[in-house]
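Participant: Given chain A's structure and the hints, the job is docking chain B onto it.
Here the protein sequences come in this chain order: A and B.
Quick note: the first sequence, position 192, residue 192 per my numbering, numbers continuous.
Quick note: the second sequence, position 363, residue 363 per my numbering, numbers continuous.
If you are wondering where the hints come from, they were derived from the structure by calculation, not from laboratory data.
Listed below are several chain B residues computed to face chain A (Cβ distance under 8 Å; list not exhaustive):
1) 12
2) 27
3) 98
4) 247
The following label-pair restraints were derived from C-beta to C-beta distances:
5) 296(A) / 109(B): 52 to 58 Å
6) 220(A) / 41(B): 39 to 45 Å
7) 240(B) / 280(A): 36 to 42 Å
8) 352(A) / 266(B): 41 to 47 Å
9) 269(A) / 38(B): 34 to 40 Å
10) 38(B) / 339(A): 16 to 22 Å
11) 241(B) / 267(A): 41 to 47 Å
12) 320(B) / 296(A): 56 to 62 Å
Predicted, not measured: the structure shown is a model, and the values here were computed from it.
Heads up, the beta-carbon is just placed ideally off N, CA and C, and yes, glycines get one too.
Residues per chain, in single letters:
2 protein chains.
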Amino acid sequence: MRRPLRTPPRLTLGPGPSPVAAETLRALATPPLGHLDPAFLAVMDETQARLRETFRTTSPATLAVSGTGGAGMEAVLVNLVEAGDRVVVGQAGEFGRRLADQARRLGATVDVVEATPGAQVPLDALRRAAESSPTAAVAVVHAETSTGVLQDLDGLGEVCRRAGALLLVDCVTSLGGVAFAFDASGIDAAFSCSQKCLGAPPGLAPVAFSERALERFRRRRTPPPSRYFDLGLLLDYWGGARTYHHTLSSTLVYALHEGLGLLLDEGLDAAAARHRRVQRFLIDGLADLGLEPFVDAASRLPMVTAVRVPDGVDDAATRAALLSRFGVEIGGGLGALKGRVWRIGHMGHGAREEAMLAVLGALRVVLGR
Amino acid sequence: MRRPLRTPPRLTLGPGPSPVAAETLRALATPPLGHLDPAFLAVMDETQARLRETFRTTSPATLAVSGTGGAGMEAVLVNLVEAGDRVVVGQAGEFGRRLADQARRLGATVDVVEATPGAQVPLDALRRAAESSPTAAVAVVHAETSTGVLQDLDGLGEVCRRAGALLLVDCVTSLGGVAFAFDASGIDAAFSCSQKCLGAPPGLAPVAFSERALERFRRRRTPPPSRYFDLGLLLDYWGGARTYHHTLSSTLVYALHEGLGLLLDEGLDAAAARHRRVQRFLIDGLADLGLEPFVDAASRLPMVTAVRVPDGVDDAATRAALLSRFGVEIGGGLGALKGRVWRIGHMGHGAREEAMLAVLGALRVVLGR
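Bound-form chain A, shown alone (with noise of 0.2 Å):
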């Protein structure tokens, strides 16, 4: 007999997967329907419904890819993007570096406007590069989980519209634990995840595509290179004549029917309140430990928390200390901030107070404070 699944107890608060509720968890074990049965095809359209709602559009073009939130990337560049495109991305760390790394990949001349390190990209320069010469898309992080930075997006769709460039915008970390607005940001498409502030576990990608952004597809010059991601096929089995194109995992779509439910329920502005407060309460904390957000109030994120590590401190001890001795899971840097940040999630089912105080506890213990 093969050895059978064993897993520690754990409590994920870096910066996602995020905490499932004990409803998510059952819905996945519930036996996987045909992805062309009509009862299925019922709970994706239920899903689709609950997805318009979180984005904040009435776009028919709504719907989750079968991948995580990069394979959401990919479907938004894959589709929207062809060689010789001006794109300019704004980059204020990993996940903007990402962006424009897939945009060049499909052949895109790429502009990169840079943010300095923890904090946002500035809206006017991402003005003046859109309007400096002539730009199929600018690309953007609302929620750079990577330093712990939100994106201010204010006028950035006007401007935007009056450069003809579409506003692709990555919500990843964003969507379900922030105000977000798809149709009133004037965001021509969006890619997110599901387990982050949606509550599922990792596996989905929701994304939206605005009529701009349709029309855009639909006047390519190429098909796009990948037939996964090729949003007219996706559009054919989640929309229209349901034609099969994938096998969608139904066991997938369970829980994110389900964590969407849970959100909806409570309330996007009454979840986002939440996110924030959480935050408060662990910052709080934080500082009686004499730690210090690495990000300026104003434009932290309010569901990941970079921290400063501080000197004297080994990041990854540390970090392996809290999982192996209490199964608290925080993140570490990525790219240039590799040991000098520790990210920590309070997203989805993982906001919440007593979630903060296992974490706060744990280091107090850890760093012997």
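Facilitator: Frame of chain A, contents of chain B only:
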């Protein structure tokens, strides 16, 4: 309160997803671990070892892509095929057609070797095509689910080696249900899925790459157009440095770990024999109802039986009645076979005689025979 999840009881005997065992459903409800948690990395290592055993390979480049079988196809093609490459595709149905479509999207010159409907692609024709001019890859579908045909792979590895071409194999439906030997057959890349003969829900695509394939990947002229499927980044995460690439769904890995465990505890040869035995049981029962297999015994898939829709019988109405009256799902025909065949799956946990009794009994009532 939003409507809770409600699903009807179903016996999924279409071309996938197949039924999932109770042990595997329970594994799904395990709380998700972080994608970099050492405890999860250990589960990944075990899952990887089980995948190697199932593929019958010693290749270190064996892993599960985060997506469905179509994502597995894309992960193979996007890393090993470049614009301008010549690719020979054996096409015996819809899934061969998809291979050709994806290779074309990547800018390859595709030469299709077509089979007569319901038959396999002649090995001789593949050999001649591979030898006729410089060929980067030969791609074939081991189990063409759309027609129910098993493709003979005998000697194809050697043909490809002599021609300097990589041998790429779609084993989405075959892996775990019929003899498959990655190393012994000289295969260079293969992709499968979690939800057919491996007994897990959809959402992961096992893939394997040979050393020759890795060598080809390292010598690429351009980076793959996909960051999500980039083999170098995937191997860094699954193999060496454990560098974060995407948030692997621990939920789905738990289920695949369990599904593979059940399969390997039974034994690959025993499981293959069970699939054949259950098919004989089904075909005997179909004969009693006056129903005939579409494919000759010699090239018949042992895990999906294509059955001719009898003259005067309404395909869609029959399948709808099976589903609504008895909760039994079977598949219809795809493409040219739409309305002409039914596809009855007996895969993984669905390859049981009692499941065949249910579909046979339901067909008897619905067809009035």
